[in-house]
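> Using this note's numbering, the first residue of the sequence shown is number 94, and each one after it goes up by one.
Honestly, the hints are just simulated from the structure, not real lab data.
Here the structure is a predicted model, which is why all the values come from computation and not from measurement.
Glycine included, each C-beta is placed from N, C-alpha and C at the ideal position.
Some hints here could point you the wrong way.
What follows is a set of in silico ranges between Cβ atoms, one per label pair, in the way DEER data are often shown [unchecked claim]: (1) 214 - 108: 38 to 44 Å; (2) 153 - 272: 34 to 40 Å; (3) 194 - 108: 23 to 29 Å; (4) 99 - 269: 43 to 49 Å; (5) 261 - 195: 44 to 50 Å; (6) 99 - 249: 49 to 55 Å; (7) 252 - 173: 30 to 36 Å; (8) 252 - 108: 39 to 45 Å; (9) 250 - 191: 37 to 43 Å; (10) 215 - 143: 44 to 50 Å; (11) 96 - 268: 40 to 46 Å.
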Amino acid sequence: LRFYDEFAAQNADSTDLRLEIAHAHRRAGELYVRLRRSDEAEKAFDRALALFRELDSGTRTHAVTIAAIHNGIGRARLEAGEREQAVAASSAALADLAGLTSRPARYELARTHELIAGTIRSSVAAPREPRPFPPERGGRRGPPNDGREPEPAPIGKDERSTWLEHLRAAWELDHQLTVE
94 LRFYDEFAAQ
104 NADSTDLRLE
114 IAHAHRRAGE
124 LYVRLRRSDE
134 AEKAFDRALA
144 LFRELDSGTR
154 THAVTIAAIH
164 NGIGRARLEA
174 GEREQAVAAS
184 SAALADLAGL
194 TSRPARYELA
204 RTHELIAGTI
214 RSSVAAPREP
224 RPFPPERGGR
234 RGPPNDGREP
244 EPAPIGKDER
254 STWLEHLRAA
264 WELDHQLTVE
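Please construct the entire structure, taking both the sequences and the accompanying hints into account.
Structure (structure tokens):
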């Protein structure tokens, strides 16, 4: 990526080259997320975001890509355990997509709602502490006595409402895209 940036600096007049470099940074961010290297992912996404915004200059030509980058930042923050920042990044994606009706925009909007719903659910569904085994088994801590996974923590009324709202929006958009 450093090579691309240096090459772009030497050829700053080339919009096509800057666009390719922005895409390269976005792809690097996606790869870093998959490798669970959230800090590097966020740096790559931030660079891609800066380049796309510079290329966009208010035209919203790259609004869907910018929203996808915000979602990438959200996934990186979620991977780092920063759920509030993950929701904030995906909320920025919602703002990027406001008013867009193209198929790619609706697809990214569905992904955004799904990511927010998953982030909300994961933030309130942390497993409870495992129950202790009965004294006849040494009283050590371990999985529940029935062998199932511990129940997730209950989701609050407000979180449940928001979670369902995003889940429903994702489902409806996915359904529309499938039917078309």
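> Would you mind marking each hint as holding or not holding in the structure?
Checked hints:
For residue 214 and residue 108, the hinted distance range of 38 to 44 Å is satisfied, since their beta carbons lie about 41 Å from each other. At roughly 27 Å, the beta carbons of residue 153 and residue 272 sit outside the given window of 34 to 40 Å. Separated by about 26 Å at the C-beta atoms, residue 194 and residue 108 satisfy the suggested range of 23 to 29 Å. A hinted range of 43 to 49 Å holds for the C-beta pair residue 99 and residue 269, which are about 44 Å apart.
Remark: the range hint 44 to 50 Å for residue 261 to residue 195 is contradicted by a beta-carbon distance near 22 Å. For the pair residue 99 and residue 249, the beta carbons lie near 50 Å from each other, so the given range of 49 to 55 Å is met. Checked against the hint of 30 to 36 Å, the pair residue 252 and residue 173 fails, with Cβ atoms roughly 21 Å apart. A hinted range of 39 to 45 Å holds for the C-beta pair residue 252 and residue 108, which are about 44 Å apart.
Roughly 27 Å separates the CB atoms of residue 250 and residue 191, a value that falls outside the hinted 37 to 43 Å. Remark: the range hint 44 to 50 Å for residue 215 to residue 143 is contradicted by a beta-carbon distance near 29 Å. Range check, residue 96 to residue 268: about 44 Å between beta-carbon atoms, so the 40 to 46 Å window is met.
Checked against the numbered hints listed earlier, the structure breaks hints 2, 5, 7, 9, 10; every other hint is satisfied.
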